[in-house]
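Enquirer: Chain by chain, the residues:
2 protein chains.
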Amino acid sequence: MFRHIVLLRWVDEATEDQKAAVVAGLETLPANIPEIKNYVIGTDAKINEGNSDLGIVADFDSADDYVVYRDHPVHLKVVADFIKPILAGRAAVQFPLG
Amino acid sequence: MFRHIVLLRWVDEATEDQKAAVVAGLETLPANIPEIKNYVIGTDAKINEGNSDLGIVADFDSADDYVVYRDHPVHLKVVADFIKPILAGRAAVQFPLG
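In the order they appear, the protein sequences are chains L and A. Just so we're aligned: the first sequence equals residues 1 to 98 in full-length UniProt numbering. Just so we're aligned: the second sequence equals residues 1 to 98 in full-length UniProt numbering.
Incorrect hints may appear among the rest.
Given that identical chains are not distinguished, each listed pair holds provided it fits within a single copy or across any two copies.
[Unchecked claim] Calculated lysine to any residue pairs in the SDA-like style (CA-CA distance at most 20 Å, straight line):
| # | residue 1 | residue 2 |
| --- | --- | --- |
| 1 | K46 | D59 |
| 2 | K46 | V23 |
| 3 | K19 | R90 |
| 4 | K46 | A63 |
| 5 | K84 | I41 |
| 6 | K37 | R90 |
| 7 | K84 | N51 |
| 8 | K46 | R90 |
| 9 | K46 | V57 |
| 10 | K37 | G98 |
| 11 | K37 | I86 |
| 12 | K46 | I56 |
| 13 | K46 | P85 |
| 14 | K37 | V57 |
To be clear, the hints were calculated from the coordinates, so they are not data collected in a lab. Please read all numbers here as calculations on a predicted model, not as lab measurements.
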């Protein structure tokens with residue numbers, strides 16, 4: 001298995017509707033991109049100061065399948081339509097699992 | 001379940017030995033902190049430019065158990081001894097799972 005993790009931070013002006021639209025958009029991806037084997041989306045619980053706002057953990061059979069997801073037009077449309085307009089910061093890693 | 005994710009970025013001067021010492025230090029934590037229910041450590045596969053260098057996904061029964069981990073002296077010693085000396089950047093989220 002191969003894991004992709006991304007943490008996103010929103011601009012201060014981002015509305016709750018905009019943040020919810022990101023989650024709703026991401027939730028459509030597993031049905032559209034069969035290479036996704038497991039997909040976890042989490043909104044930060046605000047226990048700690050200075051955290052990111054949203055975390056995504058996506059698991060694939062291989063690094064190649066991750067790249068299919070990364071470059072998939074349905075994914076890129078969610079990024080362009082919902083994420084980019086409110087994005088203040090992004091951190092990511094990919095690594096083999098287990 | 002409750003998930004903690006942290007992505008770390010190292011300074012350019014960090015040596016391979018220093019990076020390996022972080023992983024070795026983190027790998028001791030599940031045996032020392034029974035609140036950790038699942039612990040995944042991954043070194044970035046360098047598929048994408050601009051990524052972080054190390055990712056950690058830690059799962060707990062509850063947010064309270066995460067806080068036990070966060071503040072545990074064995075964890076804080078790994079942070080102080082191995083992570084802080086080479087840390088260039090950090091992003092984190094915590095959220096309920098499922």
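Enquirer: So, for every hint listed, does it hold in this structure?
Expert: Hint-by-hint comparison with the structure:
| no. | hint | result |
| --- | --- | --- |
| 1 | K46 x D59 | between (25 Å within a copy, 17 Å between copies) |
| 2 | K46 x V23 | within (17 Å within a copy, 27 Å between copies) |
| 3 | K19 x R90 | within (15 Å within a copy, 22 Å between copies) |
| 4 | K46 x A63 | between (32 Å within a copy, 11 Å between copies) |
| 5 | K84 x I41 | within (17 Å within a copy, 28 Å between copies) |
| 6 | K37 x R90 | neither (23 Å within a copy, 27 Å between copies) |
| 7 | K84 x N51 | both (19 Å within a copy, 17 Å between copies) |
| 8 | K46 x R90 | both (17 Å within a copy, 16 Å between copies) |
| 9 | K46 x V57 | both (18 Å within a copy, 17 Å between copies) |
| 10 | K37 x G98 | both (15 Å within a copy, 16 Å between copies) |
| 11 | K37 x I86 | neither (27 Å within a copy, 34 Å between copies) |
| 12 | K46 x I56 | both (16 Å within a copy, 18 Å between copies) |
| 13 | K46 x P85 | neither (22 Å within a copy, 27 Å between copies) |
| 14 | K37 x V57 | both (11 Å within a copy, 17 Å between copies) |
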